[in-house]
Amino acid sequence: MIAEFGLAALWLAAALAALQLFAGASALRGGGAGQVSALVRPVAVVQGVLTALSFAALLLLFVRTDLSVKLVAANSHSAKPLIYKLAGAWGNHEGSMLLWVTVMAGMGALIALLERRLPERTMLATLATQAFVGLGFYAFLLFSSNPFERLPAPAPEGMGLNPLLQDIGLAFHPPTLYLGYVGLSLAFSFAVGALLTGEVGPAFARVMRPWVLLAWIFLTIGITAGSYWAYYELGWGGWWFWDPVENASLMPWLAGTALLHSASVLAARDALRAWTVMLGVVAFSMSMVGTFLVRSGILTSVHAFAVDPERGTFILVLLAIYIGGALTLFALRAGSIAEGERFSATSREGALVFNNVMLSAILGIVLLGTLYPLLTEAFGVKVSVGPPYFNPVSAIFAVPMLVVMAAGPLLRWRKDRLARVRGPLILIGLVFAALLAALLVWRPFGLLPLLGLTLSVPLAVASVLPLRGRDLRRLPLAVWGMVIAHFGLAVALFGMAADSALTVEKLAAAKIGDVTKVGPWTVELEGVEPVGGPNWIALEGRMSASYRGGKPIPIAPQSRSFWAPPQQTTESALLTRWNGQLYAVLGDETDDGRWQLRLWWKPFVTCIWFGGLLVALGGFLALLGRVATDLRRRVATHKIAVRKRELEKAQGQ
Amino acid sequence: MNTGIKPKHQRLVLVVIALAALVGAGLLAAWALRSQASYFYVPSEMQAAPPQVGQAVRLGGMVEQGSLKTLPDGVTISFVVQDGKARIPVRYAGIVPDLFVEGSGVVAEGRLDPAGTFVADTLLAKHDENYVPRELKDMTEAQAKAAVAETR
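Sequence order for the protein chains is Y and S. Using this note's numbering, the letters of the first sequence correspond one by one to residues 748 to 1400. Using this note's numbering, the letters of the second sequence correspond one by one to residues 27 to 178.
No lab work stands behind these hints, which were simulated from the structure alone. Treat the hints with care, as some may be off.
Stated by the list, open to error - Taking CB as the label site, the calculated pair distances span:
(1) Y:E1252 / S:G50: 48 to 58 Å
(2) Y:L898 / S:G142: 21 to 31 Å
(3) Y:L898 / S:D99: 26 to 36 Å
(4) Y:L1122 / S:V79: 49 to 59 Å
(5) Y:E946 / S:V39: 22 to 32 Å
(6) S:P76 / Y:G1071: 21 to 31 Å
(7) Y:E1252 / S:V79: 58 to 68 Å
To be verified - Listed next, the stretches of chain S that the computed footprint assigns to chain Y, with coverage defined by at least 3 CB atoms under 8 Å from CB atoms of chain Y:
(8) 64 to 78
(9) 105 to 119
Said to hold, decoys possible - Quick look at which bits of chain Y chain S covers, simulated, 3 or more residues with Cβ under 8 Å:
(10) 1077 to 1083
(11) 1222 to 1236
(12) 1254 to 1266
(13) 1382 to 1390
Source: prediction; values computed, not measured. Beta carbons are placed, not taken as given, at the ideal position from N, Cα and C, and that holds for glycine.
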């Protein structure tokens, strides 16, 4: 019954999306008045509730391990811990697509409920667009990937979830990323809605900004968490592989970051109108391209679990309709968007434009590098594109962007002189020069790690400079958000550069009792023991590690064998200090009874993820600030309205 | 770009700058991709037209039965990758993927050394039923066809 209920709710939600599109579109044509337009908001809310019920039904099926449902039988197992049963619901194609439409309809419901600042016509156009995009994914879900399909006869036992995915961090990785990916659909709908009605201005930017910010925060957390997962779960010691699927999450993030910055120019200064609309379209387009790459399996990827080439065609058609349609609309209507305010090159706007252009260039480089293997394969040549391309080429644009990022927040809007901020700029430059000299004397580094290290510290200094001379207690939260996000980026950059510049790796075959040195650590292999878990058995290396001859700390990397489905995974052991991590992996036993060990000492590597979380925290503070301002404004306008009414009453008497 | 110029001109200047940067990025990417993309070889291709020594490439094929040896240091292995027509010796230092065994398919990322041995940085083996490097999947199908053709 639960499965049928979930499916019915889904069909009903799809029908409501069609109604929402129809009502919104006809209200727009008829001038926005009348009874049809009154339908749009309630329909959007009910649609959101129905998809949520549908998703809850799927969760319940997984919790109960209802093996008569094909998806549960293929992805779950009765012996799995509860949390991974739940994670199994979205750790597969059908479930993740249901999550996609649930988030999409939920976001639509939220703006229908909460957003009252835009002109009603633009709002109707936005909700109609959201429904239009949603419809395509409903069709995809219902016609080609029904999550509630029953088996002719219930399976005796489930096939289990890929063991690599049975990890607490990964359980919440897809939902977080999807909130980010799909949250950007609002940016798309707002942009298309504003294009349709031609109402692009500061009000539009102020309305769109908190929603983009919300999606962007989730995207930032999702990417950071995904990177950490890849780091400790895959056992390769790397934290970013430029894998197509990683790029698929990075591209919407780059576009979303650019969008946030250009929206702040539009909100504060009414400039960059067409550009902001364009970025709104591009950001969600990148989300859809990402989905296409992940779900179609056309690219080699460590994420290529459970893929189906036929479904790729469906998503490709959706992509062509939505992206092509939006870009055509943009081309037709961009000319009618009035020119925004002007500004000087040396100004906050100027710096933000530079940031936008550089982010777009990096986006282009990542996109081209990701799609290049597809392109060459069409000509029968197989290639793969990796760090030797992505690192230097994106750095060419990232480095100037970071330099301008140090100075930009110090500049005033509209028009400024560099001479006015000479003091801080000299300070930043001195920090840079001193650090560069020190590192050059210390020892040779590669160019990119050297640049990263020397840029990160002055960048961190520059990021807190906007606080100088301001009353910290009265500073708007949004400014705190900017400062913390920029500081977080500097911290992450420092972690990345430190990892690639200072990591020490040691590969050894050790007998029981042997001592291996890696960097400042000495690691002794004390034994290898078999251990067992709920659905796996493992060989566990018992080691003790001591830092510069200090107290030995036990660590225990494992080589795990799961039996449902049968697969081996490597569980690395991590030992975290304030100044870095020791990373240990246990390999095979050699013929003469030694054990292969792979050890890394990675100084300051954790800064990468702390930095990422700080960036997300900055976004969260900015969001809080925006929402608080809006609430205050609402309360104030309400008070004014009440007072006006009282005054009229008094005058009437 | 001072505020004295006409609005229309500023928009034009911005568009031109943005376009120039994007086209520049595109050209740079195209140039870098040509030189930095790593090409995929099977052993017979590598023997017929070997890549330059030191250039990063990928080699895919089957691990020859009986060729897998561990060197005395305990962490370096050597084996032969073959595709039925040619054999390429491979050396790899590190922990091998869990399903890496003789007779199974492998994709090695690395470079040729002057002696003609392929030195691998990374080995990709068939991970499980759901994750097969795509080159491997294609190759084994092609090989299956070739094997059928040969036995006729």
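Verification of the hints:
Between E1252 of chain Y and G50 of chain S the Cβ separation comes to about 37 Å, which falls outside the hinted range of 48 to 58 Å. With their beta carbons about 54 Å apart, L898 of chain Y and G142 of chain S fall outside the hinted range of 21 to 31 Å. Between L898 of chain Y and D99 of chain S the beta carbons are some 52 Å apart, a value that contradicts the proposed interval 26 to 36 Å. The given range of 49 to 59 Å is broken by L1122 of chain Y and V79 of chain S, whose C-beta atoms sit roughly 27 Å from each other.
For E946 of chain Y and V39 of chain S, the hinted distance range of 22 to 32 Å is satisfied, since their beta carbons lie about 26 Å from each other. Taking 21 to 31 Å as the suggested C-beta distance range, the pair P76 of chain S and G1071 of chain Y does not conform, at roughly 44 Å. Distance hint check: the CB atoms of E1252 of chain Y and V79 of chain S are about 24 Å apart, inconsistent with the given range 58 to 68 Å. A stretch counts as covered by a chain when three or more of its residues have a beta carbon under 8 Å from one of that chain; for the region 64 to 78 of chain S and chain Y the count is 3, and the coverage holds.
Counting residues of the region 105 to 119 of chain S whose CB falls under 8 Å from any CB of chain Y gives 1; the rule of at least 3 is not met. Only residues whose C-beta sits within less than 8 Å of a C-beta in chain S count toward coverage, and the region 1077 to 1083 of chain Y has 0 of them, not enough to reach three; the restraint is violated. Only residues whose beta carbon comes within less than 8 Å of a beta carbon in chain S count, and the region 1222 to 1236 of chain Y has 0; fewer than three means the coverage is violated. Judged by the Cβ-Cβ criterion of 8 Å, the region 1254 to 1266 of chain Y is covered by chain S as claimed, because 3 of its residues qualify and three suffice.
By the rule of at least three residues with a Cβ nearer than 8 Å to a Cβ of chain S, the coverage given for the region 1382 to 1390 of chain Y is violated, with 0 such residues.
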